[in-house]
Amino acid sequence: MLRYVVNHSPAGIIILLALVCCLVTTGIVQAQKSKGGRIVRLLLRDGKVLEGNLSAGKFKVNGTTSRSIAVETLLSIHLAADASPREAERITAALAAVQGKDRVERDAAVAELTDIGLPALTPVLNAYKDRDLREPDALYRLFARLMPGYADAADRSLDLIRLKNGDVVRGRMGGESFTIQPLGDKAVTVPVSSIRSLVVRQNLIEKTVEVHSLRHCTQIEFLDTGVVLGPTSRVEVTAAGYVRLSFAIDGWASDPDGLKVPGPNYKTNLVDGFPFGALVGKVGAAGPRFVVGRHLDKTGVGEGRLYLAVNDNGHWQNNIGSFRVKLRVSDAYDVGDAQ
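Take 1 as the starting number for the sequence shown in our numbering and just add one per residue.
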C-alpha cells in the first residue's frame, strides 16, 4: 500500500517523509524513556541549581535497616550534612533578617532558609527564646517549613526522603556520586557530598491546602504551597470558602474572588491593586502578585515556588475564616508540604 502511494501520487513522497519524521520523533521519545532516567532538580551546597536527566534508577538509604528507593516512587531527598561555610554564613544572616522588621528581607530570608533546609534546623531551634511566642510569628512558623512534625526525629543528622505515597524515610543517602545530564548539555558527575536537595519532576501534582485569612494574609506571610514551577508548568486552581475581614460585619466578608463593592466606610474595594479578600498568588518570594480567585488555569505563571495568600491591608487583626484550595500542577516539583 505504501509503495502504491509513493509510486502513484505526487504527494506520496511528502506523506512518506511525514511518516518517517513521526516514527523518528516517537523513537527518540521512547529511547529517552527507556534509559530509565528522570528529570530532577538539584540544589547544590554552593547555592547553584542543576536540572537534568538522572541516570540512576534507584537510591540506597542507610538507616536502622538499609533499603533501596526507586526514583519513580520519589518526591524529594533533603540532605542533612553539616552546613558548608557559605551556608553557615547565609543561615546566620537569614535568621537575623527573619527577626527583623523589613518585610521584603524577611520573606527572602525565610525562602532561603527553607531551601537550605535541614542544616538550618538546629540554628532555628537555638534562636527560639523562652517566651510566649504567638502567631503570627515568622520565626515560630519557620520550624514547620524545615521539618514537618510527623517526620521529625531525635537524630537531626538524618536525611529526609519524601515518597509519592506520602511516607517519609529518615536515614542517610548512600553512594558517592551519580550522573546527571543537564538539558541541552553534556552529562556531569555530581558528588553526593555537594548536594543539598534532589527533587524529581512530577507529571502531575495534586494538593488540597487551607489558606487562612489571618495567618496567610498578604500583610503577614504567604502560604508556601511546596510546589516549584518550571517554564512549562500548568497551574490549575479551584478555591472555595468565605473569609471575614471584620468579624461580624458582613460587608467585609468575601469569597475567593474578593469584594465586588467597597466595604463599609471605604470608597474602594481594592487594596494594593487587588480586591479585598481575594485569593492572590506569587511565584518566588519577591515575585509580582496576581489574582487567583475562585478559578485559575494558566501556563507560564513563572519559575520558582508558588505562594498563595488572602489580600488585605494593615488592619488584619480581625480576620477569620479560610479558603480551601485545590491545586493541580503539571510538570513541576513537589519540594515539601504546604506551610
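Simulated from the structure, these hints should not be mistaken for lab results. One should not assume that every hint holds.
[Unchecked claim] Distance condition first, Cα-Cα at most 27 Å in a straight line; then the derived DSSO-like pairs of lysine-lysine:
#1 K207 <-> K298
#2 K60 <-> K186
#3 K101 <-> K207
#4 K164 <-> K326
#5 K267 <-> K298
#6 K186 <-> K58
#7 K60 <-> K164
#8 K260 <-> K164
#9 K101 <-> K164
#10 K267 <-> K48
#11 K48 <-> K58
#12 K60 <-> K48
#13 K298 <-> K164
#14 K101 <-> K129
#15 K164 <-> K58
#16 K298 <-> K260
#17 K207 <-> K58
#18 K164 <-> K48
Cross-check of the supplied hints:
For the suggested pair K207 and K298, the alpha carbons sit about 17 Å apart, so the restraint of at most 27 Å is met. A C-alpha spacing of about 25 Å is found between K60 and K186, which places the hinted pair at or below 27 Å, so the restraint holds. With a C-alpha separation of about 32 Å, the suggested pairing of K101 with K207 is violated against the 27 Å cut-off. For a cut-off of 27 Å, the pair hint linking K164 to K326 stands: about 18 Å separates their Cα positions.
Restraint check for K267 and K298: the C-alpha separation of about 32 Å exceeds 27 Å, so the hint is violated. Proposed proximity of K186 and K58 is supported: the alpha carbons are some 22 Å apart, at most 27 Å. The suggested pairing of K60 with K164 holds, with an alpha-carbon distance near 17 Å, which does not exceed 27 Å. Restraint check for K260 and K164: not satisfied, since their Cα atoms lie roughly 40 Å apart, outside the 27 Å limit.
Distance check on the hinted pair: K101 and K164 sit about 38 Å apart at the alpha-carbon level, beyond 27 Å; violated. Among the hinted pairs, K267 with K48 is inconsistent with the structure: their alpha-carbon atoms are about 48 Å apart, more than 27 Å. For the suggested pair K48 and K58, the alpha carbons sit about 24 Å apart, so the restraint of at most 27 Å is met. The hinted pair formed by K60 and K48 meets the criterion: a straight-line CA distance of about 24 Å does not exceed 27 Å.
Restraint check for K298 and K164: satisfied, since their Cα atoms lie roughly 25 Å apart, inside the 27 Å limit. As the CA atoms of K101 and K129 are separated by approximately 18 Å, the hinted pair is consistent with the 27 Å bound. A distance of roughly 14 Å separates the Cα atoms of K164 and K58; the hinted pair therefore holds under the 27 Å criterion. For the hint pairing K298 with K260, the CA-to-CA distance comes to about 23 Å; that is within 27 Å, so the pair holds.
Pair hint K207 plus K58 holds up; C-alpha atoms about 25 Å apart against a cutoff of 27 Å. Restraint check: the Cα-Cα separation between K164 and K48 comes to about 25 Å, which is no more than 27 Å; the hinted pair holds.
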